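J.: First to last, the protein sequences are chains A and B. Residue numbering for the first sequence follows our numbering, beginning at 1 and increasing consecutively. Residue numbering for the second sequence follows our numbering, beginning at 1 and increasing consecutively.
Simulated from the structure, these hints should not be mistaken for lab results. Some clues are possibly wrong.
Here are the computed lysine-lysine pairs in the BS3-like style, where the Cα-Cα straight-line distance is at most 25 Å [to be verified]:
{"hint": "1", "chain 1": "A", "residue 1": "K72", "chain 2": "B", "residue 2": "K294"}
{"hint": "2", "chain 1": "B", "residue 1": "K483", "chain 2": "A", "residue 2": "K104"}
{"hint": "3", "chain 1": "A", "residue 1": "K67", "chain 2": "B", "residue 2": "K292"}
{"hint": "4", "chain 1": "A", "residue 1": "K105", "chain 2": "B", "residue 2": "K388"}
{"hint": "5", "chain 1": "A", "residue 1": "K67", "chain 2": "A", "residue 2": "K150"}
{"hint": "6", "chain 1": "A", "residue 1": "K128", "chain 2": "A", "residue 2": "K150"}
{"hint": "7", "chain 1": "A", "residue 1": "K150", "chain 2": "A", "residue 2": "K25"}
{"hint": "8", "chain 1": "A", "residue 1": "K267", "chain 2": "A", "residue 2": "K238"}
{"hint": "9", "chain 1": "B", "residue 1": "K483", "chain 2": "A", "residue 2": "K102"}
{"hint": "10", "chain 1": "B", "residue 1": "K175", "chain 2": "A", "residue 2": "K99"}
{"hint": "11", "chain 1": "A", "residue 1": "K150", "chain 2": "A", "residue 2": "K176"}
{"hint": "12", "chain 1": "B", "residue 1": "K483", "chain 2": "A", "residue 2": "K72"}
{"hint": "13", "chain 1": "A", "residue 1": "K150", "chain 2": "A", "residue 2": "K104"}
{"hint": "14", "chain 1": "B", "residue 1": "K483", "chain 2": "A", "residue 2": "K150"}
{"hint": "15", "chain 1": "A", "residue 1": "K72", "chain 2": "A", "residue 2": "K150"}
{"hint": "16", "chain 1": "A", "residue 1": "K72", "chain 2": "A", "residue 2": "K102"}
{"hint": "17", "chain 1": "A", "residue 1": "K102", "chain 2": "A", "residue 2": "K25"}
{"hint": "18", "chain 1": "A", "residue 1": "K25", "chain 2": "A", "residue 2": "K99"}
{"hint": "19", "chain 1": "A", "residue 1": "K128", "chain 2": "B", "residue 2": "K483"}
Simulated coverage check for chain B against chain A, where a stretch passes if three residues somewhere in it have a Cβ under 8 Å from a Cβ of chain A [to be verified]:
{"hint": "20", "stretch": "456-470"}
{"hint": "21", "stretch": "482-489"}
Please read all numbers here as calculations on a predicted model, not as lab measurements. Cβ coordinates follow ideal geometry from the N, Cα and C atoms, glycine included.
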Amino acid sequence: MIRFDHIEVRFGEHTAIPKLNLEVKQGEFFTLLGPSGCGKTTALRTLAGFIEPTKGEIYIDGQAATKLPSEKRSVGMVFQNYALFPSMSVYENIAFGLKVRKTKKIQTGALVAEIAGQVELTSEQLSKNVSELSGGQQQRVAIARALVLKPRILLLDEPLSNLDAKLRVQLREQLKNLQRELGITTVYVTHDQEEALTMSDRIAVFNHGVVEQVGTPEEIYNRSSTEFVCTFVGAMNKLSSELVQRLQHGGGTALHPNKASYLRLEKVSLQPPTNAAGSIRLEGIVTERSYHGAHSTYTIDCSGSMIRALVPEGGAAPLPPGSRAELHIDPSSILQY
Amino acid sequence: MRTSSWRSMLRSPLVVIVALVTVWFIATFLIFPNATLLIGTFFPDGQLSFRAFEKLASSERAMNSLWHSFLLAGTLAVTVNVVGIFIVLVTDYFAIRGARVLWLGYATTLIYGGIVLAAGYNFIYGRYGFVTNAVGNWFPDIDRDWFSGYFAVVVVMTLATTTNHMLFLGSSLAKIDYQTIEAARNMGAGTLRILWRIVLPALRPMIFAVTVLTFLTGLGALTAPIVLGGTDFQTIAPMILTFSKSSSSQDLAALLAIILGLATIVLLAMMNRAEKSGVYFSVAKVATPLQKQKIPNQVTNGVVHVLAYALFVVYATPVLLIVLFSFLDSTAILRGMITWDALTLDNYATVFGTPSVLRPFVVSVVYSALASAIVVIGMLFVARVLQKYRNPVTGLLEYLLHIPWILPTILIALALVMTFDRPQALVGGQVLTGTTSLLLVAYIIVKIPFTLRLLKAAFASVPESLEDAARILGAGSMFTLRKVLFPLVIPTAAAITALNFNSLLDDYDAAVFLYHPLYQPLGIAIKASTEGENNLDSMSITFVYTVLLMIIMGLAMYLVYGRSGAATRRARRRASRG
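All chains should be modelled from the sequences, with the hints used to inform the complete structure.
T.: If you want it as structure tokens, here you go:
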């Protein structure tokens, strides 16, 4: 459906993207994930036609699209700040693209009403000025405006970043449902790993303009192929070489003490596992407990090596700081780079 | 996609037309006349000559005018800062009773200035002024010229020039993060120490900028020295005007204008440098709005209140008298006596009922409206092109369009007169000097930098993503300009038009060089009314003109600043409650 073929983007002396090769499948919810300045928005804007790559080719449906102006690429875009036209009403904003295409008024009205219903905008809201709407409602207008022209591809540039936490969770579910209903190929840019993991079919993790890994959320999280992906996605314990050596002696023979070693917090158990085979037991002293509602995070001092563990609430009684703790670690869940 | 390639500019016919017209205008009216002036001064016979310098050195009047100009500029730099900072503090910083009323009194100079203000003071305190006449009734031996020369010019220009402080220093003060003041108080600092160590240092860059502007205003002063300076206190600008009238001394006029221009360029360069290294106002992500400070010491509080209201009287009296005198006949003013019977609407009837009397007013309104509209419409397109296409070509054009900002109006006017007094190919072989069009051209020229800067800022403040959004939805550049960008910058354009219109309405500096004898603008008519006792009848008419000007300018200022000011005050009240 979409293919970035050896794309290079330079701004003067600065190379934002050195060489990008990427494929997005038809109907897929594909996320470009990475920290600020990693090149993910540049890649999206290049796909939209706002930036002309210095090298390479972009293909949409097998057709070279690099030289096509953005309006000819059949892409709809939702901007980070929504980019709603402040001098126009909600209706006029959504109908803007139809007006440019000289669509008849009756047809415009029907199309606007249809898409407004899909994104849950009321007819009363349609007559308001965009400045009178809340952030969440403005975001719906931006999505409606992008979708009303029935594009083949929907581009979303951090569309949830300006919303509060609760609304963000609510809207990402609605956005994902809408995408599934319409079956539209969607490219989503975010720096929020949770957003990426919950919404995407596949994720490309960017770092300094380079794609470090492409995979499903599970692959990215559990089988991070690079140290950057491993540390960027999810919370991690970085294990000291002394601790790795102890684990090696305790049964983790495949571990290399000289490699950087990481262990996810939820892979550290404070209860003996039901199947203890292969599990290594350590002892330590609880130095801190942070309560998060559904779970707690413990920091445990294991003979000088600090290990954090994520423990769901509702199980055993909480361990106060200073108490002794038993840790159970499966060496196969340790990631080494 | 933002593009910086100048070749991509050439793909749009609109951009090509805008670029061609801009290049022609810059070459014809910004570069060519000033080059002609320089060549005429230093290469009068095709060879380098310093004859103008020799003439300047040997002319006592010219040398005196140079000294007087720098003396006036230096004096104003001190007096205007003292009065201006005091005004800003009592209206915006300290909790003074009736601060809104005080502000209105001090703001009177926003709605009348230049020749109108100088003439107003002359009619009240001058040789034939009402106050001088009234005092003369009791003390016949009074020196009737008591309000003239250096003293009178400094007083009038000090009061007139504090507008910069009110507009710019006032807004800088509002940007100070109130939490810095609270932090200082929390650490035990008193009111005076906070003012001296926290507030004034934060305002220092703006104080420096308004000082430079004040110095420049003093250096190029024309109307106040002409009307109130008398024979003993003439400055550079009136001398340029005098010398330019004779062909034998035109080179001297040009040299004085060039000196004025160079001084302006040097001072503005200093200001730009200071701006770049300046300390800015708030490092807080969310600055807390400033709240007014009480003066805890009762005696100090009382003294500040008395001084604030005394200054209010000084500012408001001329305005009130002008309004009053506009209903009086000139003989009552001459007698220095006001009786109930002498108050009539006759002056207004004369102005509106006599076409020849109304004519200067109409001429000025037409010139100001035309120039304001043309410059704003033209700069809307130029600003858009400059903002969209950033490359060396547009960068150079932008610099050149700022030429009028660094050159005094008198220099621009003189250069136009000396250049277009013969057929010039760049304007189709026409002679423009002596026509009605040259003054219009001058007005457009002087308003370009201000208009361009603000419109470019207005375009720059429109998020780039709006254009991207319009583009991805299929809108062309003209459609985007018309439907998305113009609606957003039009409020700024309207405000600029109103401000330009205001400032041109009572212009004297350009008009005195360029006006058509049959179409005298208001500034020229008002100046004529100040000349000697024979013109006393026109004095009353001038008062009517002044009242009309104040109404128009007051309305324009309200439309531009009034509503946003009210919104700011509401926000401040909410903050102080919250």
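J.: Hint by hint, note whether the structure agrees.
T.: Hints and how they fare:
Taken as a hint, the K72 (chain A) and K294 (chain B) pair is broken in the structure, with Cα atoms around 64 Å apart against an allowance of 25 Å. Using a Cα cut-off of 25 Å, the hinted pair K483 (chain B) and K104 (chain A) holds, with the two alpha carbons roughly 18 Å apart. Among the hinted pairs, K67 (chain A) with K292 (chain B) is inconsistent with the structure: their alpha-carbon atoms are about 59 Å apart, more than 25 Å. For the hint pairing K105 (chain A) with K388 (chain B), the CA-to-CA distance comes to about 33 Å; that exceeds 25 Å, so the pair is violated.
Proposed proximity of K67 (chain A) and K150 (chain A) is supported: the alpha carbons are some 22 Å apart, at most 25 Å. Taking the CA atoms of K128 (chain A) and K150 (chain A), the gap is about 24 Å. The hint holds against a cut of 25 Å. Restraint check: the Cα-Cα separation between K150 (chain A) and K25 (chain A) comes to about 18 Å, which is no more than 25 Å; the hinted pair holds. Only pairs whose Cα atoms come within 25 Å are accepted, and K267 (chain A) paired with K238 (chain A) is accepted, the gap being roughly 13 Å.
With a C-alpha separation of about 14 Å, the suggested pairing of K483 (chain B) with K102 (chain A) holds against the 25 Å cut-off. Restraint check for K175 (chain B) and K99 (chain A): the C-alpha separation of about 42 Å exceeds 25 Å, so the hint is violated. Restraint check: the Cα-Cα separation between K150 (chain A) and K176 (chain A) comes to about 17 Å, which is no more than 25 Å; the hinted pair holds. Between K483 (chain B) and K72 (chain A) the CA atoms are separated by roughly 20 Å; this keeps the pair inside 25 Å, and the hint holds.
In summary, the hint linking K150 (chain A) to K104 (chain A) is supported, as the alpha carbons are separated by about 16 Å, within the 25 Å threshold. Distance check on the hinted pair: K483 (chain B) and K150 (chain A) sit about 22 Å apart at the alpha-carbon level, within 25 Å; holds. About 13 Å separates the Cα atoms of K72 (chain A) and K150 (chain A), which keeps this hinted pair within 25 Å; it holds. A C-alpha spacing of about 16 Å is found between K72 (chain A) and K102 (chain A), which places the hinted pair at or below 25 Å, so the restraint holds.
Proximity of K102 (chain A) to K25 (chain A) is assessed by CA-CA distance (about 32 Å); at most 25 Å being required, the pair is judged violated. For the given pair, K25 (chain A) sits about 31 Å from K99 (chain A) by alpha-carbon distance, which is inconsistent with the 25 Å threshold. For the given pair, K128 (chain A) sits about 18 Å from K483 (chain B) by alpha-carbon distance, which is consistent with the 25 Å threshold. Counting residues of the stretch 456-470 of chain B whose CB lies closer than 8 Å to any CB of chain A gives 6, so the stated coverage by that chain holds, three being the minimum.
Check result for the stretch 482-489 of chain B against chain A: holds, 4 residues qualifying (beta carbon to beta carbon below 8 Å, three or more required).
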